[in-house]
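**Q** Using the sequences plus the hints, can you model the full thing?
Number of protein chains: 2
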Amino acid sequence: MSEIEREVHAVAARAKDAAADLAPLSRAVKDAALLAVADTLVKRAEEITAANAEDVERAKADGTTPAMIDRLTLTPQRVEAIADAVREIVELPDPVGESVRGGVLPNGLDLRQIRVPLGVIGIIYEGRPNVTVDAAALCLKSGNAVLLRGSSSAYSSNSAIVAVLREALEGTGVPVDAVQLVPGRTRESATALMRARGLVDVLIPRGGKTLIQSVVRDSTVPVIETGEGLCHVYVDADADLDKAVAIATNAKAQRCSVCNAAETLLVHADVADAFLPRVLDSLAEAGVTVHGDERVRSVAAAHGSPATVVEATEEDWSTEYLSMDLAVRVVPTIDDALAHIRRYSTQHTEAIVTDSLRASRYFVSRVDSAAVMVNASTRFTDGGEFGFGAEIGISTQKLHARGPMGLTEMTSTKYVVTGDGHLK
Amino acid sequence: MSEIEREVHAVAARAKDAAADLAPLSRAVKDAALLAVADTLVKRAEEITAANAEDVERAKADGTTPAMIDRLTLTPQRVEAIADAVREIVELPDPVGESVRGGVLPNGLDLRQIRVPLGVIGIIYEGRPNVTVDAAALCLKSGNAVLLRGSSSAYSSNSAIVAVLREALEGTGVPVDAVQLVPGRTRESATALMRARGLVDVLIPRGGKTLIQSVVRDSTVPVIETGEGLCHVYVDADADLDKAVAIATNAKAQRCSVCNAAETLLVHADVADAFLPRVLDSLAEAGVTVHGDERVRSVAAAHGSPATVVEATEEDWSTEYLSMDLAVRVVPTIDDALAHIRRYSTQHTEAIVTDSLRASRYFVSRVDSAAVMVNASTRFTDGGEFGFGAEIGISTQKLHARGPMGLTEMTSTKYVVTGDGHLK
Chain R
1 MSEIEREVHA VAARAKDAAA DLAPLSRAVK DAALLAVADT LVKRAEEITA ANAEDVERAK
61 ADGTTPAMID RLTLTPQRVE AIADAVREIV ELPDPVGESV RGGVLPNGLD LRQIRVPLGV
121 IGIIYEGRPN VTVDAAALCL KSGNAVLLRG SSSAYSSNSA IVAVLREALE GTGVPVDAVQ
181 LVPGRTRESA TALMRARGLV DVLIPRGGKT LIQSVVRDST VPVIETGEGL CHVYVDADAD
241 LDKAVAIATN AKAQRCSVCN AAETLLVHAD VADAFLPRVL DSLAEAGVTV HGDERVRSVA
301 AAHGSPATVV EATEEDWSTE YLSMDLAVRV VPTIDDALAH IRRYSTQHTE AIVTDSLRAS
361 RYFVSRVDSA AVMVNASTRF TDGGEFGFGA EIGISTQKLH ARGPMGLTEM TSTKYVVTGD
421 GHLK
Chain B
1 MSEIEREVHA VAARAKDAAA DLAPLSRAVK DAALLAVADT LVKRAEEITA ANAEDVERAK
61 ADGTTPAMID RLTLTPQRVE AIADAVREIV ELPDPVGESV RGGVLPNGLD LRQIRVPLGV
121 IGIIYEGRPN VTVDAAALCL KSGNAVLLRG SSSAYSSNSA IVAVLREALE GTGVPVDAVQ
181 LVPGRTRESA TALMRARGLV DVLIPRGGKT LIQSVVRDST VPVIETGEGL CHVYVDADAD
241 LDKAVAIATN AKAQRCSVCN AAETLLVHAD VADAFLPRVL DSLAEAGVTV HGDERVRSVA
301 AAHGSPATVV EATEEDWSTE YLSMDLAVRV VPTIDDALAH IRRYSTQHTE AIVTDSLRAS
361 RYFVSRVDSA AVMVNASTRF TDGGEFGFGA EIGISTQKLH ARGPMGLTEM TSTKYVVTGD
421 GHLK
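Chains R and B are the protein sequences, given in the same order.
Using full-length UniProt numbering, the first residue of the first sequence is number 1, and each one after it goes up by one.
Using full-length UniProt numbering, the first residue of the second sequence is number 1, and each one after it goes up by one.
Just so you know, these hints were derived from the structure itself, not from any lab.
Beta carbons are placed, not taken as given, at the ideal position from N, Cα and C, and that holds for glycine.
Incorrect hints may appear among the rest.
What the hints assert, rightly or not - Derived DEER-like restraints, expressed as beta-carbon distance ranges:
| # | chain 1 | residue 1 | chain 2 | residue 2 | range |
| --- | --- | --- | --- | --- | --- |
| 1 | R | T210 | B | G421 | 56 to 64 Å |
| 2 | B | D218 | R | E57 | 26 to 34 Å |
| 3 | R | L105 | B | T210 | 32 to 40 Å |
| 4 | B | S257 | R | V258 | 48 to 56 Å |
| 5 | R | T313 | B | L322 | 52 to 60 Å |
| 6 | B | K60 | R | R187 | 49 to 57 Å |
| 7 | R | V258 | B | G421 | 19 to 27 Å |
| 8 | B | G384 | R | E47 | 55 to 63 Å |
As the list claims (entries may be wrong) - Computed cross-link-like contacts, DSSO-like style, restricted to lysine-lysine with a CA-CA straight-line distance of at most 27 Å:
| # | chain 1 | residue 1 | chain 2 | residue 2 |
| --- | --- | --- | --- | --- |
| 9 | B | K209 | R | K424 |
| 10 | R | K60 | R | K209 |
| 11 | B | K209 | B | K60 |
| 12 | B | K16 | R | K209 |
| 13 | B | K60 | R | K424 |
| 14 | B | K424 | R | K209 |
| 15 | R | K243 | B | K424 |
| 16 | R | K16 | B | K209 |
**A** Right, dumping it as C-alpha cells:
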C-alpha cells in the first residue's frame, strides 16, 4: 500500500467511526448542526473567497475558459446563496427512522423495516465548489458521513470550505469527521477512495461522462451512476401538434447543457409532413441546429425552412450534445420509435406527445428509463420539480435508486424484529 | 474477446431482448407460464433424474462426501417438491406495476413511481439443482430474464432442467430466452458473465464466502452480496435468563449450517455468573462446543460444566463456523458488546435479550445490520418467516436491498409523469 493509499484509508476509517456515531442522532441535532454550518459559512466568507482566489488565479494561468472560470469563482454573494441552500435542506424531512413497512407476523413477532443511513458516502465531483457544501449537507441530513473528492482545480476552495464546515460542527453533537476532504490531488488518491471497499458504502460520481465511466470501471466500492442523459421526445401519430412543437422546443432549448435536455426528436411518419415544418421553424427561432435524416432534410428543403439542417449520421443518434443541436428522425411506427430508444437511450428520460391513451400506455409500459413523460417536457426530471427537495444527482441505473436521488435515496433500511423469547 | 466470452455475451444479449418483451406482461400470463413450468417439470421428471444420475456418478467418482452427494441428488419426489415450490411462487403477488409513491405536483403534473423489473438477473450459484428452478421462477414472476450459472458438478442436471423450463415456456407468451443457462463450465465463462456490463443488470451470487467474494471482486456488473452471516446474540444485564438460554441455544443449534445461525454469544458481566452455567449446560446438551474467553472458561471450570469449552482466540471472533461451535465472551457493558459487533459482524443479524426498553432501544439504534432481533432468535431472518414468500437470498449489503430479498427486492422503479403540454 502506498503512502497516499494509507492516508486515504485512514481518512475513510475515521469516516466509518463518525458514521456510527452519526446514525442514531435525532433530526434536531442534525438540523442544528446544519444551521451552524450555514451561519459559519457566511461568517467566514472572506477566508473562503480568499482561498478561491488562489484557484481562480491558477485556472487563469492555465488558460481555462471564461465560462469555467465563472463556474469556479466564489463571491460573498455566492457564499450566501450556498448557505441558503443549506438552510433549505434543514427544512426537508429527515428520512432516517421512517417505517417503510411493518406488521405483526402470524407467530406474534413484531416486524418493522426502518430507514437507516447508508453509512459513508464518497462523492467524486468536478466543477463548482458549491457542490462541496451541497453534498456535505445532504449527507449529514440523511445521517451519512461524507468523503469529498473534488477536482484539483478547486482544491484550495474545497480545503477552505471543508475546514469551515468541520469547525462549524464542533460542539454540535455531529462528529467533525463526518465531513472530510480526501487528501491528495492526484489520480492515485481518487483511485484509493474507489478501492476502500468495506470502509466506504457507496460512491456517487458527479460530473461528465468520462469521470463517471472511470469511477464505474475502477471502483470496487458500489457506485451509483448519475447524470448521463441522451433523452428522446417522440411525437406520436395522435399528437396534438401545437403541444408537440412546444414540448420538443422546450426539451431541447430551455437549457441545453443539462442531462434532462432532449437530444433526439422522433416523429411518426403519419404526422411528419404536418409537424416537421412547424417544429423546424420553432427550433430555428430558438437557435437550434437540426441533424436530420433524409425525410427531415427533404421536408426542410421543400418547406424552405429557415432552420439549419445538416445530415444526421449514425453518430448523431448516440451523441449527448449538451448543446443547441438536435437529432431528428422520422419513424414509421411507435415500435420503431421504441426500438430506436432502446438502442440509443441512456435510460434517463423519454417523452411521448400523444392524445391516444392506448399509445401512451403502450409507450409507458415499454420504455425502460428512469422517467417517462407523457405530454410534458423531459426537463421536468429533477428532484426539485418532483418535490423531493435538493438532489444529490439523477441515477441512471436500476439498482438502489433510479431517477432523482433525494434524501430518501441516500438511505438503506434495516429490519427490527421484536419478540418475547421467540424460538424457531 | 475469446470464443467463450463471445458466446456468453450472445446469450446475455438474447436475455436482454427477452427482458424487454417480458417486462410489460401481465401477472396472468406470467402465472400461467409458471404453472406450465411446474407441470412440465413433473412430466419430465424421468429425464431430469437421468441427467442428474450422470452428475451423481461423476461426483462419486470424484470422491465427493455423502452429504454433498445427497444435496446433489434428485429423485422423482424431489422434483415434485421443486414443482410445488414453483406453484407457491404463482400464489405470491406480482410486484411489477405497484405504485410506490405518487401524487399531483403543484404545476398539475401527475407523478407516479411504479415498480418495474430489473431486467436481466445473473445468478451464480453452487450446490443443489433446485436453485435452478427456484431462481428462474422468482425471476420470471418479477418480470426479469435470468442467466443461470450453476456449479460444474451439477451441469448435466442444470442443462436438463433448463431445457425443460424453456420447453414449458413455449407458447405461453413468456419469451423462451427469458431463461438461459450460461454456456461453458469453466471459470472463464463465469468471468465473462461478470463482465457483461450493459447486458446484465445485476448479479446475485448464492453460495459460500469464497464464491461471493470472487464475484464481488471480479464483476463489473453490479452485485448484490448475500448470505455471509456472522451473527451475534447479546445477553443484556436486564435479560430474562430463561429466555436468554433458550434463544442462545436455538440461535446456534436449531440448524447450525445456515447464515442466520449465531456464531458468537456476548454476555453482560453483571449476569455472567448466573447465566453462563445455565447456558453452558443447555449448549452441552445440544452438542455445541464452546470457544470461551477467560471468564467463560473459569466459570465453566468452577461450575464443573459438562460442556466442551476450549480457549477462544482472536480468530474465533471472526469465524463463521456454520457448525456446532459457538464463541462466547463476557463484556463489561452494552457499549463493549456494540463495539465487538461493529468490529466482527458481517452485518447480517444480531440479537439482544433484555427486558429493558432503554437497552433495547439503544441496541437497535446502534447496531448496523440487516436485521436486529429483540428477544427473538437470529434464525428468524428469512423471507418466508418475514412473510415475503420465497427469497432469492439474504442481502448483507446496504445498497438496493438489505435482508431477505423477496420479489419486491427483485424490482427497480421508474417515474411516470403525465401532463397536458407542460413546459419548463
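**Q** For every hint, state whether the structure bears it out.
**A** Status of each hint after checking the structure:
Between R/T210 and B/G421 the C-beta distance comes to about 36 Å, which lies outside the given range of 56 to 64 Å. Remark: the range hint 26 to 34 Å for B/D218 to R/E57 is contradicted by a beta-carbon distance near 45 Å. The hint said 32 to 40 Å for the Cβ distance between R/L105 and B/T210, and at roughly 34 Å that hint holds. The given range of 48 to 56 Å is respected by B/S257 and R/V258, whose C-beta atoms sit roughly 53 Å from each other.
Between R/T313 and B/L322, the C-beta spacing of about 59 Å keeps the proposed range 52 to 60 Å intact. At roughly 54 Å, the beta carbons of B/K60 and R/R187 sit within the given window of 49 to 57 Å. For R/V258 and B/G421, the Cβ-Cβ distance of about 21 Å falls inside the hinted range of 19 to 27 Å, so the restraint holds. For B/G384 and R/E47, the hinted distance range of 55 to 63 Å is satisfied, since their beta carbons lie about 59 Å from each other.
As the CA atoms of B/K209 and R/K424 are separated by approximately 25 Å, the hinted pair is consistent with the 27 Å bound. For the hint pairing R/K60 with R/K209, the CA-to-CA distance comes to about 25 Å; that is within 27 Å, so the pair holds. For a cut-off of 27 Å, the pair hint linking B/K209 to B/K60 stands: about 25 Å separates their Cα positions. Annotation: proposed proximity of B/K16 to R/K209 holds, straight-line Cα distance about 23 Å (limit 27 Å).
Between B/K60 and R/K424, the direct Cα distance comes to roughly 35 Å. Violation of the 27 Å bound is thereby established for this hinted pair. Note on B/K424 and R/K209: the hinted pairing holds, with a Cα-Cα distance of about 25 Å set against a maximum of 27 Å. For the proposed pair R/K243 and B/K424, the alpha carbon gap of about 13 Å is at most 27 Å, so the pair holds. For the hint pairing R/K16 with B/K209, the CA-to-CA distance comes to about 23 Å; that is within 27 Å, so the pair holds.
Hints 1, 2 and 13, counting from the list given before, are not met by this structure.
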